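Take a look at the letters that make up each chain.
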Amino acid sequence: MRNTIVSLISIILGLVAGGILMLFIGSNPIEGYSYLLQGALKNLERIGNTLATATPLVFTGLSVAFAFRTGLFNIGASGQMLVGGLAATAVALTFDFSRPILLLVMVLAGLVAGALWAFVPGLLKAKFNVHEVVSTIMMNWIAYWTIYYIVPGYFKGEFLETESKKLAESETLRTPFLTNMFDGSYINLGLFLAVIAVIIIAFIIDKTTLGFELKAVGFNRFAAEYAGMKVNRNIILSMLISGALAGVGGVALYTGNASSIQIGILPAQGYDGIAVALLGANHPVGVFFAAVLFGILYSGTGFMNAMTEIPPELANTIIAIIIYFAATSVMIERLLNKFKARKSNKDKSGPVVEKGDS
Amino acid sequence: MSYVVEMLNIRKEFPGIVANDNVTLTLKKGEIHALLGENGAGKSTLMGVLFGMYQPERGVIKVNGQEVKITNPNVANRLGIGMVHQHFKLVENFTVTENIILGSEPLKGMVLDIDKAAKRIEELSKHYGLNVDPHAKIEDISVGMQQRVEILKMLYREADVLILDEPTAVLTPAEIDELMKIMRNLINEGKSIIIITHKLKEIKAVADRCTVIRRGKGIGTVNVKETSEASLAEMMVGRHVSFKVDKKESTPGEVVLKIDSLSVKNNRKVMGLKDFSLEVRAGEIVGIAGVEGNGQTELVEAITGLRKAESGTILISGEEITNLPIRQRNEKGISHIPEDRQKRGLVLDYSLVSNMVLQIYNKQPFSKRGLLNYSAMKAYAQNIITNFDVRSGEGAASIARTLSGGNQQKAIIGRELELDPKLLIAVQPTRGLDVGSIEYIHKRIIEHRDKGNAVLLISLELDEVLQLSDRIAIVNNGELVGEVIASETNENEVGLMMAGVAKERSI
Chain A
1 MRNTIVSLIS IILGLVAGGI LMLFIGSNPI EGYSYLLQGA LKNLERIGNT
51 LATATPLVFT GLSVAFAFRT GLFNIGASGQ MLVGGLAATA VALTFDFSRP
101 ILLLVMVLAG LVAGALWAFV PGLLKAKFNV HEVVSTIMMN WIAYWTIYYI
151 VPGYFKGEFL ETESKKLAES ETLRTPFLTN MFDGSYINLG LFLAVIAVII
201 IAFIIDKTTL GFELKAVGFN RFAAEYAGMK VNRNIILSML ISGALAGVGG
251 VALYTGNASS IQIGILPAQG YDGIAVALLG ANHPVGVFFA AVLFGILYSG
301 TGFMNAMTEI PPELANTIIA IIIYFAATSV MIERLLNKFK ARKSNKDKSG
351 PVVEKGDS
Chain B
1 MSYVVEMLNI RKEFPGIVAN DNVTLTLKKG EIHALLGENG AGKSTLMGVL
51 FGMYQPERGV IKVNGQEVKI TNPNVANRLG IGMVHQHFKL VENFTVTENI
101 ILGSEPLKGM VLDIDKAAKR IEELSKHYGL NVDPHAKIED ISVGMQQRVE
151 ILKMLYREAD VLILDEPTAV LTPAEIDELM KIMRNLINEG KSIIIITHKL
201 KEIKAVADRC TVIRRGKGIG TVNVKETSEA SLAEMMVGRH VSFKVDKKES
251 TPGEVVLKID SLSVKNNRKV MGLKDFSLEV RAGEIVGIAG VEGNGQTELV
301 EAITGLRKAE SGTILISGEE ITNLPIRQRN EKGISHIPED RQKRGLVLDY
351 SLVSNMVLQI YNKQPFSKRG LLNYSAMKAY AQNIITNFDV RSGEGAASIA
401 RTLSGGNQQK AIIGRELELD PKLLIAVQPT RGLDVGSIEY IHKRIIEHRD
451 KGNAVLLISL ELDEVLQLSD RIAIVNNGEL VGEVIASETN ENEVGLMMAG
501 VAKERSI
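Going down the list, the protein sequences come from chains A and B. Residue numbers for the first sequence follow the UniProt record's numbering, beginning at 1 and rising by one. Residue numbers for the second sequence follow the UniProt record's numbering, beginning at 1 and rising by one.
These are calculated hints, taken from the structure and not from any lab test. This one's a predicted model, so the numbers in the text were calculated from it and none came from an experiment. Fair warning: there could be bad hints in the mix.
Which chain A residues stay away from chain B? Per the calculated CB distances, all over 12 Å, these [what the hints assert, rightly or not]: (1) Ile5; (2) Ile9; (3) Gly26; (4) Asn28; (5) Asn43; (6) Ala90; (7) Leu116; (8) Ile142; (9) Tyr144; (10) Tyr154; (11) Leu178; (12) Met307; (13) Val330.
Straight-line Cα separation of at most 30 Å, DSS-like style, residue types lysine-lysine; simulated pairs [claimed, not checked]: (14) A:Lys230 - B:Lys269; (15) B:Lys89 - A:Lys338; (16) B:Lys217 - B:Lys28.
Sample of chain B residues with no beta-carbon within 10 Å of chain A, all distances over it, derived [as the list claims (entries may be wrong)]: (17) Thr26; (18) Arg209; (19) Ile219; (20) Glu229; (21) Asp349; (22) Tyr380; (23) Val501.
Using N, Cα and C, we set each Cβ at its ideal position, and we do this for glycine too.
Excised from the complex, chain B in its bound form (with noise of 0.2 Å):
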């Protein structure tokens, strides 16, 4: 059997850490070859390894049989390695053409040769069947079309081994399926992918073989068709993991949440949200399930006070919040999960130390009179990292940035629940997180909702919703379709809902 790629034995240390630790992969020619670990597990630094980005301590490189240094990333492009980042790296004013060529532009005489690489572009997407629009400008594209065009620009560097780090991560399950096609499309044109992922499901879909990796190493390779899913999630974790979330039956007490008739406008200066009401008692996960962009952010924001409410009424425990500022509703016991953990979650150029309290540093113990004390703040976010498994170079002076998506995610996790809030609003919190994760994720929300507090579920996954809700809101352009209970219910009749089909039966 021939080897495109080699990577045997391959050792990378990082100050503080070691990220690989004698791990080895091999890629056959012709297979999607997944590469699966948990969060900060030495996924990325393994491929970072082998496009040229880092150097490892001990180990060879072979591609094609023949052993190579890849010293950077252009190297490892002469060799016919291409990779696309998780976070995209295109120039968002600059046509699809420009992007893919930038760096190779071709000439003719002396001024740029667009109209031939565009042709190119339009073969080579035809071919692969991406269904790319050459002259279209980057800003005005969904992602998953750039994503594409992060394929194309290896494509049209000759690249016949395609590294795709977390493609799927960003996209719709629609844009799911379409990547899934068009990556079986570049099988059967003899080119090899490793796909880095933590998601089972697309493994089971699409891969051939299957390498794990576990804190940094290398645990074995798999035939993904003689393995199941919960054997790859154990191989992954270390122990057995439950994909079925455990919980008693609530017991809904006092009305902590109460939103009376809201609306709220969105970014485009329309309401986004109309006419709103719902409850949240306590002891009780309420979640909103929806279709992206129908509604869900405007009504987080209301209630966080990020976003003024058009009319209606918020209230806490009975006391109205709806014109208070942000730092009053927290300390009235709201605690809120943000959506995007880089742009509101986390000062990423402040230490773990600084971000853990990032609410409550004005708070004793944490300063006195205006002073910070530091020796305070450290003691608690190293309680945080410690509970909640958040891993890093340097431990609690680690700065954010440096930390891996899903330890940031659970450091924002770790410090909301730290918080103790009476009512808890969690949007998508477990986006980016692998099985093990998610898992330790579903059982402390669960048992913040056990002690008697109130939960605001706000997911896209259809699936968390239904496994952790007790009462399920479905919400559609803007308005309440309907309540559900989640143990009544099941995928169809929410999917429907969240279409927009109404349900006559109500509670």
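One chain only, chain A, in its complex shape (with noise of 0.2 Å):
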């Protein structure tokens, strides 16, 4: 509740910021902000890239979540996207297996190369001690070379070097019954996955004795080792998991929004998956509605630029200033604190300090 509270000013505050930048660039912030809106959500096409521009954020957000709530800092998003995606692009254009077994054996193709990746920087971690964040790091960029090594060399697409075969429609995720609903919108069933993966992680977090575990784990290592748990195996598990749910995010992108994978570009959503988790408080559903957010920012922001004269990196702009402000909820918390004293009329605040041993 609190935190749904502090992440919903912290919005309010970087959109608050965003329109005084377009006043100082000389437009009006409401005609900015309504056609940022219009461009996201005004027809049902629109409303569909939207939802599938938020699609893998869900995706990388619920990694990085997850990893999270165990200690771990999964900065490796994007790397495992990429290995994901390139599993299921291969498996595409490798094997003729029927509609429903392709798609099948693409989501799981990409699930375990994304765990895969992940694996490693676990794997260190618990033998090694070897910091997540270096090794996902590096991992990043041995997945960027990897693809930059197998794409030409053999999924080369028709006319370019530089990107795999194109899928055809059939071996997408994208199906006829949305893509009409929608209008004619690239939106796909990656956007349920996206839902069963929210379902399935807010699930495990909060409901089982391995959500229980994970959590104990990422609080105090040392107390999870004293009741008996096993404490490396538990980071190797997060970070299988969290890399499964990259991986899959990497075959909403490629095989999903897009029909290729281009080399020479790591995935931003891997990066922007580190925000969304910050914005949706590390829980699931927190996560979801953050994604969403993120989604509408991104892809109503070309339609404003078209419209008026502000330049689309305002977009970057307002979440960088969103996820500031969420980073330093404190802030907000201690606002909130005041106004809720001078409300009671009655100075029941101060700081809230530990307890010692009295």
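Please dock the two separately framed chains into a single complex, following the hints provided.
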């Protein structure tokens, strides 16, 4: 509840700050925001595209949030997405299954690839205490260059060396029923996968013994060890699940939103996942809504730019400011406390101090 | 008589709890005033009010006869009130001087004037007999020395009233003596001191007057000279407290724990425990006496599985467990009250409910096929909380971090005893507890023994080892010096053995 309020206030403050920026460059913020919203939500197609933009972010947000609950900082979602996307693309281009089976195998391949990519940092952390921030970033670049080598070598596109061969429509997560419902949008089955992932992860974290253990390890690994939990196994497991989520995010991005995978690009969605997780307070449902918000900002910005003088970079700026406020949520909480104290007309606040032994 | 501080009829509420209810405390100039109360009685809260961390709902605070409103710690500092918190607030990799001037750095033009500050700190240190090196780094000096840095910090800020929150909890006996000397020096120089504690011995030794609070209510203020430890304890707890541990003769049964020539490495990768052998039988309490760092930690961690044994064997009821994982050892009936409750004992960000099932969350009825059953967990936790009188703001749903240290300890002990282990390993089980709770915990440990279980007690408090144990094993430098029967020995004999002097008579 409290987290929700803090996140909402961060968003409002971010939007206000963005409005002030628009004023500074001589534009009308109300006009700007109205075009931004129109661009994201004006018609069914745009709504579909917004949700599709949000889909990979849901996965990477979940990925980061899940690892974070176990006390791990997975910055490797980008690389895990890449290998997930590559695995799914490879499956689609190699095998000739019927569509349902092909899609299932593609998703599973992406899931396994992402999980394996995160398994390496997990193992290094558990066995040699290598910090996962370092190793996941290094794995990002290994993924980057692996794509560089494999795509032109084995899955070269018809016209371009720099991207894989285009998947046929029937080999992607796009489906006529969704495309028609959203007037030709590139929205795809990835969205359903994302919703399912949110539910499964929320369930694991809150309701299962696995979640109980993972959180215990995240909060205090010494106490977890004392209680007989296998700390190292949990670290590896958490990284596996985190990587699997990002891997499926890659499947949704490269075989759902797009139909090919390019070389030389580390997907920004991996890093955005950190921001999504932060704004969503590391809670699966929070992550979902944060991702949708990011989707709106990203997909509305083009229309805003076309209709006004406001540059498209403003969306990134607003997101950055929102993250800034979310990251300094302590300040917002303090403001809330003050506000409450004034409202009840009685000074009950004061900083919350940990109680000592008494 | 002039009072430097008067706190009159203070009332402070927190959600779900009245921490202070009509408490009055007056501090005379030049006295050491003890504030005595059980764990969670509201002592820290009351001092928090004086130091400006909390605003009271009702009541008046006067400093030097003038009514004041202390809205934050800076105001308190300006009024000459300084506080040494139980957990020190020092920057580890700064020097003493840098820590002390933090927040009020002296400038020479545009740059810091460290030398001037260091000189002043040296003078202060000499004047009050603190013996602190202003250029030493915090991480290099002992806990006792760090505490003196905190005291210096207040003196540097010209505080006249010093609040010490359980200053002796972290100190060794020698450091405690030293601290008491320092406190007397401070009084002679015209400072006034409030000391928060629940150790009656220290109050008798050093305090002039003592104010007692019980469950948030002010019970009264007494002159320490005219009262006894027993009556202080009675005021604090509200009933008669026996200091003697009351227990029957032990009836040792079969061997539960058998340690055979066990060697364990310590954190510095050298042998911390060497060729150690010991037996603990059902129905007896075996105490380990020794100066801190003589192999106790290594012994406990090897038995519980937190540390690898280099050689030797450990058997539980005849079954070897030397290389088993921790969970399997727990399932064989080992239970462990850890030395460091915040590091090992609790997940501080978990609720009490979750903490109470920390080892058994994966067993029925708390979970079934991997799914947690919160209502079963809650009922189980509630039971422990009631039995062990764990006090918290929101009952079982309270986050462990919000509990006072004593109540955290009670929760851990309750959890471990509730498991009904064949072998209970209790490390410093009553650390940080008040006399009432100590009495209760001792009673429960003896009850556990009388039910036919084995108890291994490790304590740095010799009194506790002597009173509670049936048999005492003395360690020195990682080696077993000898074993004695508790009823046939005394403090001197054990003390000598702790220093490494082996005894001819053996059992």
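Cross-check of the supplied hints:
1. Residue-level check passed: Ile5 of chain A sits 18 Å from the nearest beta carbon of chain B, beyond 12 Å.
2. No Cβ of chain B approaches the Cβ of Ile9 of chain A within 12 Å, the least distance being about 22 Å, so the stated non-interface status holds.
3. A cut-off of 12 Å between C-beta atoms confirms that Gly26 of chain A is not in contact with chain B; the least separation is 40 Å.
4. Every CB of chain B lies more than 12 Å from the CB of Asn28 of chain A, the least distance being 43 Å, so the non-interface label holds.
5. The non-interface label for Asn43 of chain A is consistent with chain B: the shortest C-beta to C-beta separation is roughly 43 Å, beyond 12 Å.
6. At the 12 Å boundary, the C-beta of Ala90 of chain A stays outside the reach of chain B, the nearest C-beta of that chain being 34 Å off.
7. Every Cβ of chain B is farther than 12 Å from the Cβ of Leu116 of chain A; the closest lies at roughly 24 Å, confirming the non-interface assignment.
8. Interface exclusion of Ile142 of chain A from chain B stands, the closest Cβ pair being 33 Å apart, more than 12 Å.
9. With a minimum CB-CB distance of about 36 Å to chain B, Tyr144 of chain A clears the 12 Å threshold, and the non-interface call stands.
10. The Cβ of Tyr154 of chain A sits about 41 Å from the closest Cβ of chain B, beyond the 12 Å cut-off, so the non-interface label holds.
11. The Cβ of Leu178 of chain A lies farther than 12 Å from every Cβ of chain B, with a closest approach of about 33 Å, so its non-interface assignment holds.
12. Here Met307 of chain A stays apart from chain B, with its beta-carbon at least about 48 Å from theirs, past the 12 Å limit.
13. Against chain B, the non-interface label of Val330 of chain A holds: every CB pair exceeds 12 Å, the least being about 16 Å.
14. Only pairs whose Cα atoms come within 30 Å are accepted, and Lys230 of chain A paired with Lys269 of chain B is accepted, the gap being roughly 23 Å.
15. This hinted pair checks out: Lys89 of chain B and Lys338 of chain A have alpha carbons roughly 26 Å apart, not beyond 30 Å.
16. Straight-line distance between C-alpha atoms of Lys217 of chain B and Lys28 of chain B comes to about 21 Å, which keeps the hinted pair within the 30 Å bound.
17. With a cut of 10 Å on Cβ distances, Thr26 of chain B stays outside the contact zone with chain A, its closest approach being about 20 Å.
18. Every Cβ of chain A is farther than 10 Å from the Cβ of Arg209 of chain B; the closest lies at roughly 19 Å, confirming the non-interface assignment.
19. For Ile219 of chain B, the non-interface assignment is confirmed: its Cβ lies about 15 Å from the closest Cβ of chain A, beyond the 10 Å cut-off.
20. At roughly 20 Å from the closest C-beta of chain A, the C-beta of Glu229 of chain B stays outside 10 Å, upholding its exclusion from the interface.
21. With a minimum CB-CB distance of about 4 Å to chain A, Asp349 of chain B fails to clear the 10 Å threshold, and the non-interface call is violated.
22. The beta carbon of Tyr380 of chain B sits about 14 Å from the closest Cβ of chain A, which is more than 10 Å, so the claim that it is off the interface holds.
23. The non-interface label for Val501 of chain B is consistent with chain A: the shortest C-beta to C-beta separation is roughly 35 Å, beyond 10 Å.
Consistency note: the structure conflicts with earlier hint 21 alone.
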